[in-house]
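Participant: Residue numbers (my numbering), protein chains in the order written: chain A, 182 to 578; chain B, 5 to 236.
Quick caveat, the hints were computed from the structure, so don't treat them as lab data. Using N, Cα and C, we set each Cβ at its ideal position, and we do this for glycine too. A portion of the hints provided could be inaccurate.
[Claimed, not checked] A few chain A residues that face chain B, going by a derived Cβ cut-off under 8 Å, partial list only:
id, residue
1, Gln186
2, Met189
3, Asp194
4, Arg197
5, Glu380
6, Ile490
7, Ile494
8, Gly495
9, Thr497
10, Lys498
[Stated by the list, open to error] Taking lysine-lysine and the BS3-like style, the derived pairs with C-alpha atoms no more than 30 Å apart in a straight line are:
id, chain 1, residue 1, chain 2, residue 2
11, A, Lys564, B, Lys146
12, B, Lys125, A, Lys498
13, B, Lys72, A, Lys564
14, B, Lys146, A, Lys185
15, A, Lys199, B, Lys147
16, A, Lys400, A, Lys277
17, B, Lys132, A, Lys498
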Amino acid sequence: MVIKQLYMAAFADFRRDKVRTGLTSLGITIGVLSVVLLIALGLGLKNYISQQFENMGANLIMIMPGSGFSSGTMGAGMIGSGMVEFDEKDARDLQKIPNLKYVVPLFFKSTVISSADAEKIGYIMAANEDLFPLLNVQAEYGEIWGKTEINKKSKVAVIGAIMAEDLFENPSDAIGKTVRVEGVRLKIIGVGKKIGDPEQDKALFIPYTTAYGSINPNKTFWSIYLGVPSKDMVPGVSEAAKEILLKRYDKDKFSVSEQSEILSTVDQIFGIINIVLIAIGSISLLVGGIGIMNIMYATVTERTREVGIRRAIGATKRDILLQFLSESTLLSVFGGLMGLLLATGIILLVRIWFPVALNVVAVIVAIGVSSAIGIFFGVSPAKKAANLSPIDAIRYE
Amino acid sequence: MKKTPSIISLSNISKEYVMGDESIFSALSEVNLEIHKGEYSAIVGPSGSGKSTLMHIIGLLDKPTRGKVIINGHDTARLDDDQTSKVRNQFVGFVFQQFNLLNKLTIKENVLLPVAYSREKLDFDPEKRALGLLEKFDILSKKDSYPNKISGGQQQRVAIARALIMNPQLILADEPTGNLDTKTGNEILKLFEDLNKEGITVLLVTHEPDIAARTNRQIKVLDGKIVEKYND
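Extracted from the complex, chain A is given alone in its bound form (with noise of 0.2 Å):
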């Protein structure tokens, strides 16, 4: 019997029959759903923290404390006690290092921000001018700082966009009004645009010089930032300053990491997490597969009969076995495509909030591996009607 045959049969059978079609195929459907909706999760996950990184342009060297990024701690206590806390010395000895763009030294804080009639929880950023083009921040209303400011400490901020919404309601509001943070009343000079990021976007950005005092008053930093011209400058770079860092801490201390390795490693968890959501989501599938066989070996017993009718007017045993797994299979790549569909819909309608992403490999998978399950679970159902005695199964009633 040709194949196109068969699957045609197959699927006059499930047209007369939908509820039992659509029940045996919901395991796989839901299967289906959970994986793509997981790797759809997983990925957009990953998107979204490697776009945080690529936001602050791809030439970028990272000195923060502790062991870093690199060797897997990451985190975990790298601002507890006893770690190394940066000083503007090193920012002015970092800054000696030749083919530099900027070095950005950066205090960050989680304080409470108040203007004249509200009080939020954002973050203090302070750091010099070069802060702005690190972190994309542009001025949507005013202008932000420079020089001259961190020279006269100037008692200036530029503030995130919403941020200026928690505060002033219209961002454009913002500009001239004053803020208080740690008892330091600060002007607001321009407010920058959103750009996604919950922290910049509660953000407050003033001078470091202007910190110094009641918000700042160790003189220090969290981090340092160093912007270098070109790609290929970046090793050049990160092994100076590595030296210059040497002499003043221990190995351990501190960590000098370039972006492209934050992202690599950012690329290695997801990697891992991706994996673990796709097992979770197989679990499914597995049973969604066994509810196939299920339903198959069921089938193939209620149509004894019909097997040995077809085996009394010439149908081979492979006819029956490809009868059989021809079923299955059409049914769990239905299944499998109802799954699909429905994840599509869902990201489709997740995308407003968050960026998930569908992509082809998720989808590919998805259709082959339902497939391979219909075939899978279905060779022993097939099996079982393929070697039916042919006067067995005609006399069965």
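Based on the hints, put chain B in the right spot on chain A.
Facilitator: Quick look at chain B alone, frame taken from chain A:
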């Protein structure tokens, strides 16, 4: 015996079943039988006599425990599943007591089903032939109906059309009138007689001596053996 060549030749056929208590039940023992081209015969015997088993062995639906089934001079013991299926597809046409049509296929699709299992190029247009057979059996108007929507007599005609679609040399009919009333049964028997007149070999299996008497040769089976006469 007629002088036409034999298309089926059974020699020393025995069929035994191992029962639940491991005793052996002998359904057929040492049966020898020749069926010649163009015959219209009946295998007749009471229920449990082994007549159906005999028919199943002739039609290669079942295998004998011992003995040879020779079809057109070829020993069928050596055939693999594909070849056996091909014999069932092309050489024999089965007609059953229960009609055995597939309820999810239309009448026309049922008649055409054996064509789907044929691997060879056909020397006829199957669609045309199917419609021709349905017309001949006076059920053309039902071609798009489903089997459970037509009468038993009509279903049996469809089954006969299906048995004929591949131009078989032999029709094996197992109690073809068993599920029909006398009048309809007679019509079906008349059909077989007509087909035989067209040259098709027809072998009926029946437990009714009256029906067997309408054929040209009665092969009497009792307790798994072919006998000359019943000792009723």
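Participant: Going through the numbered hints above, which ones does this structure break? Give me the numbers in ascending order.
Facilitator: 2, 5, 11
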